[in-house]
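Asker: Each of the two chains sits in its own frame; use the hints to bring them together as a complex.
Top line first, the protein sequences correspond to chains S and B. Residue numbers for the first sequence follow this note's numbering, so the first one is 1 and each next one is one higher. Residue numbers for the second sequence follow this note's numbering, so the first one is 1001 and each next one is one higher.
Don't take every hint at face value.
Claimed, not checked - 20 Å max Cα-Cα, derived SDA-like pairs, lysine to any residue:
| id | chain 1 | residue 1 | chain 2 | residue 2 |
| --- | --- | --- | --- | --- |
| 1 | B | LYS1130 | S | LYS187 |
| 2 | S | LYS186 | B | LYS1121 |
| 3 | B | LYS1110 | S | VAL224 |
| 4 | B | LYS1103 | S | THR182 |
| 5 | B | LYS1080 | S | ILE89 |
| 6 | B | LYS1130 | S | GLY166 |
| 7 | S | LYS187 | B | LYS1030 |
| 8 | S | LYS186 | B | LEU1114 |
| 9 | B | LYS1103 | S | ILE233 |
| 10 | S | LYS187 | B | VAL1180 |
| 11 | B | LYS1103 | S | TRP66 |
| 12 | B | LYS1110 | S | HIS168 |
| 13 | B | LYS1103 | S | ASP192 |
| 14 | S | LYS186 | B | PHE1105 |
| 15 | S | LYS187 | B | ARG1072 |
| 16 | S | LYS187 | B | ASN1069 |
| 17 | S | LYS281 | B | ASN1069 |
| 18 | B | LYS1130 | S | PHE167 |
| 19 | B | LYS1141 | S | ILE89 |
| 20 | B | LYS1121 | B | VAL1180 |
| 21 | S | LYS186 | B | LEU1053 |
| 22 | B | LYS1080 | S | ALA268 |
As the list claims (entries may be wrong) - Estimated spans, in silico, between C-beta atoms of each pair:
| id | chain 1 | residue 1 | chain 2 | residue 2 | range |
| --- | --- | --- | --- | --- | --- |
| 23 | S | ARG15 | B | ARG1054 | 52 to 58 Å |
| 24 | S | GLY166 | B | SER1134 | 25 to 31 Å |
| 25 | S | PHE92 | B | GLY1017 | 35 to 41 Å |
| 26 | S | MET282 | B | ARG1054 | 45 to 51 Å |
| 27 | S | PHE12 | B | THR1108 | 52 to 58 Å |
| 28 | S | LYS287 | B | GLY1017 | 51 to 57 Å |
| 29 | S | MET282 | B | SER1023 | 53 to 59 Å |
| 30 | S | ARG100 | B | GLU1221 | 25 to 31 Å |
| 31 | S | MET1 | B | GLY1165 | 28 to 34 Å |
| 32 | B | VAL1215 | S | ARG231 | 44 to 50 Å |
Quick caveat, the hints were computed from the structure, so don't treat them as lab data. Ideal placement from N, C-alpha and C gives every residue a C-beta, glycine not left out.
Each chain is listed here by its residues.
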Amino acid sequence: MEQLLEILSPHFLLRNAFYAGLIVGFVCPQVGIFFVLRRMILMGIALPQVSNAGVAFAFLLHTLGWHFFRHIESEKVMALTGSVFFTLITIFVLAILERRRKGFTENRIGFTYAIAGAAAILFVSWNPYGKSEVLSMLTGEIISIPDIYLWSMFAIYGSIFIVLIGFHRNFILVSYDIDMATTIGKKVVLWDIMLYLIIGIIISFGVMTVGPLVIFGFLLIPPVAARMITRGIPLFCIVSSTVGIVASFVGFYISYRFDLPTGPTDVALLCVILVLLYLGKMLFRFKR
Amino acid sequence: MNTENCITLKGVAIGYGRNTILSDINFSLKSGEFVVLFGPNGCGKTTLFKTILRIIPPIQGSILYGNENVPRFGYVPQRKHLDEIYPFTAEEVVLMGTFGQRKPFCPTSKIDRLLVEQCLKDVGMLELRKNFFSELSGGQKQRILIARALATRPNVLLLDEPITGLDILAQKKIIELISVLHRKHQLTIMMITHEVHYIPSWVKKIIHIHHYKVVLGSLEEIIALSRIDEVPNQE
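Okay, chain B solo, but in the shape it has when bound (with noise of 0.2 Å):
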């Protein structure tokens, strides 16, 4: 792995406007690691990768890209954000990847299809290519998102809540494709999600969104923490 940080948050506050939700952030990510951002419902992890992707700039304090060059940042946003009007096939969501390189007035190119189709097999959906977007199911969905985000060919990927709402089964096979194309295309991964169980075994750095404050740790302390939140209050 590389010891190169390639996102470090330096006493960054958050929020959108004069309403911050979060502040004191710091924590840095090495190229190609695996990082899980937990943390319970509305405590602010959707604003905290907008904020790395600038989508909504920081309050308070700055956030550093390595190599002074912002990284190419693949995205996967939740799937209830996705408006099921749009006629798209499972493979046009997949090209909008390709979008950020592509001029106006040229044709999609043959390059571009290609990488497309190689993102569609790298997913498992390459059969399913020509099905209506807002048909498939959620698993299915969220493959096709994710081979979206890797179209952009990203050094860094982010997944927000790519599991929830899925069932047992689809889940396990989301968090096996992850595992697969963190390993696979040396990616540096961060994942929200707001559920301990959900959280591999094998993720050594855990950034825990706890009562407002940012804590880094594993996934046992994680766990320690969550614990200590579950003993009743004997007053």
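Just chain S, with the same shape it has in the complex (with noise of 0.2 Å):
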């Protein structure tokens, strides 16, 4: 109990990693919702893939002199523009090719995985220095997250959750039936363009933050979770992101208290959760 009210309290040393969980906690399990529904969750694990790869790059850029912005220093901006461009060509790449239905979806991801992940380590052998600090920040660092980091989560994070909720009747109608959007007149792909745009955003950023494990986890556990026990749209968006914000406080206090690293903690424990949701479904079922 003392540990939780340490927790809770303003002048909590780890603050900003514990606010950081919840804000990915809240929103990834919005834009994960569409990984689910487009059945495209492999492409949740190849994305943030690509992201690290992107990271990397932009490190060993960065300690051979290059820069993408000469006035701004700071190699963490370096860093999440690299993982921003990475990701959303790749988004792209793979939508397009998707649209045309050239060739199967999972040898695609499937490549795109590998090879994300092979230069990802060889960008980071690459770097003559700081290769500790590089994969340091690839497994995500949820402990050390600065104010201005936080801050930027919380403005990018909210500004895309409030997007999601605002034209989310659009989202929604575009993944699930393209003939019926066009036939009243949306422009499928425009919104298509902005829900990738959005995925592409969560994913770098979440990345940077939180590392590719964190964010793989909350973007796709908590709306798997959640679609087996809701019925109708409204409750599925809004139990998926529950249980992200549940776990992520969870987890949060079960690793300060343990002394256990975040990550991985947050994700084991929605493991346990959609696990416990299974079991209780199906004695619900049993009952009946």
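Answerer: Next comes the structure, spelled out in structure tokens:
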């Protein structure tokens, strides 16, 4: 109880990591809903890996003396740019190939995952300096999040959440029935691009802040869990975010209490919630 | 019945990219008419539908819409194309029909709720509105999709294979429902089917896709044309 009060205190040393986790836990499932409903779960594994490769590539360029923005020295800004650039390029290429129905989706995503993973490791190994620093960022430095980063995250994820809620009908309709959406005058390509942009930004920024494993976990597990126990889209969305934020809160407490790494603890807890909900559902059906 | 043409196709060729499926299509649809688009599987019926709906652009020719305004279409797609992973209730599927007129950030209005309720009543599905769409039977799903099309307040209703895959009783009920809606709402209706016995006997105008040509005729003429194909080749 004492530790819980300590975490909730505004002067808590690791408060930024705690707040960042809550933001990720609340907003990521709202984006993850579209991964699950559009059957793009595999993409949810590959894209954080691509984002990782982007971060590693940006660090490599930075070490070699290249700068995307000459007036900004921060390597984190450069890493974020690399992450966004790699993720958006990949997501749009995959989306175009998907629309043109070239080859098999699984093959494309598998190839993307493999090449991105290999590229990330190679970029890190070619980096003559700061290998450990790069690796710590790639695995998600969830503990040390500066104020500026937390506020940027709050602004970006908050804006994305507002856009998702405001245009929810369009995103859902375009995902579910393109023909119907076109017939009633929706600009399908525009909404698709907007959704891919949102996915790209959420993943890039999230990977930079909490790492690919945590992002993948919070994108996919809460909606999968919520889908098992809800009826109707509004409840599905509410339960997804509730599962995410509860897992983030409890996960942080457990990791602090037992001195465990936060990211893996969060994801393990999400998996436990998923299994418990599944068993609960089975039990409920059995009793009926 | 209004004699005004609401859709006219002049020398239209349809297909995807450079691949032409059908060409030289000429016909018109009058307001309030019930037309059946009949032809074998894979002959381009759905592509023609999608071209009329402006989902796919025509490769050649022009499609004119009455009064220069594109009519409001209600589209009932084939059920198999809708993914069942979505946890929609039946009511939510119907509500999609109102999305064309809704502004972002606005909650669903009372008018929309009433419209959805009326559409559900019209198709006899009001009691099952809270059920999962994916758990409904084929015939019930079809009714919900028709209600969704009605919720767009259409002038023209296009139904793509609405009775395919249903049992005989469900087929009969769906055809009855479509007939009632046609009469009650004075709707212009175009319905796709690939089996001649699905065509209601009272339908006067049938568009038949026969050997890559679009032919207009009555039910008797279409049956006669189909029988010619069934005669075995003597050579």
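Asker: Now look at each hint and say whether the structure bears it out.
Answerer: Here is what the structure says about each hint:
1. B:LYS1130 / S:LYS187: 30 Å, violated
2. S:LYS186 / B:LYS1121: Violated, at about 27 Å.
3. B:LYS1110 / S:VAL224: Since the Cα atoms of LYS1110 of chain B and VAL224 of chain S sit roughly 32 Å apart, the hinted pair is violated (cutoff 20 Å).
4. B:LYS1103 / S:THR182: Distance ~16 Å between LYS1103 of chain B and THR182 of chain S Cα, so the pair holds.
5. B:LYS1080 / S:ILE89: Distance ~32 Å between LYS1080 of chain B and ILE89 of chain S Cα, so the pair is violated.
6. B:LYS1130 / S:GLY166: 24 Å, violated
7. S:LYS187 / B:LYS1030: With a Cα-Cα distance of about 29 Å, the restraint between LYS187 of chain S and LYS1030 of chain B is violated, given a limit of 20 Å.
8. S:LYS186 / B:LEU1114: Measuring from Cα to Cα gives roughly 23 Å; hence the hint is violated.
9. B:LYS1103 / S:ILE233: Distance ~19 Å between LYS1103 of chain B and ILE233 of chain S Cα, so the pair holds.
10. S:LYS187 / B:VAL1180: Violated. LYS187 of chain S to VAL1180 of chain B sits at ~33 Å, over the 20 Å cutoff.
11. B:LYS1103 / S:TRP66: Distance ~46 Å between LYS1103 of chain B and TRP66 of chain S Cα, so the pair is violated.
12. B:LYS1110 / S:HIS168: 19 Å, holds
13. B:LYS1103 / S:ASP192: 18 Å, holds
14. S:LYS186 / B:PHE1105: 16 Å, holds
15. S:LYS187 / B:ARG1072: 16 Å, holds
16. S:LYS187 / B:ASN1069: Given that 20 Å is the threshold and the Cα spacing comes to 19 Å, the pair holds.
17. S:LYS281 / B:ASN1069: Between LYS281 of chain S and ASN1069 of chain B the Cα gap is close to 51 Å, so the pair fails against 20 Å, i.e. violated.
18. B:LYS1130 / S:PHE167: 24 Å, violated
19. B:LYS1141 / S:ILE89: This hinted pair is violated, its Cα atoms lying about 39 Å apart.
20. B:LYS1121 / B:VAL1180: 13 Å, holds
21. S:LYS186 / B:LEU1053: 13 Å, holds
22. B:LYS1080 / S:ALA268: The hint is violated at about 37 Å.
23. S:ARG15 / B:ARG1054: 52 to 58 Å: Since ARG15 of chain S and ARG1054 of chain B have Cβ atoms about 54 Å apart, the given range 52 to 58 Å holds.
24. S:GLY166 / B:SER1134: 25 to 31 Å: 27 Å, holds
25. S:PHE92 / B:GLY1017: 35 to 41 Å: Given about 21 Å between the Cβ atoms, the range is violated.
26. S:MET282 / B:ARG1054: 45 to 51 Å: 47 Å, holds
27. S:PHE12 / B:THR1108: 52 to 58 Å: 41 Å, violated
28. S:LYS287 / B:GLY1017: 51 to 57 Å: 55 Å, holds
29. S:MET282 / B:SER1023: 53 to 59 Å: Because 56 Å falls inside the window, the suggested range holds.
30. S:ARG100 / B:GLU1221: 25 to 31 Å: 41 Å, violated
31. S:MET1 / B:GLY1165: 28 to 34 Å: 60 Å, violated
32. B:VAL1215 / S:ARG231: 44 to 50 Å: Taking Cβ atoms as reference, VAL1215 of chain B and ARG231 of chain S lie about 47 Å apart, which means the hint holds.
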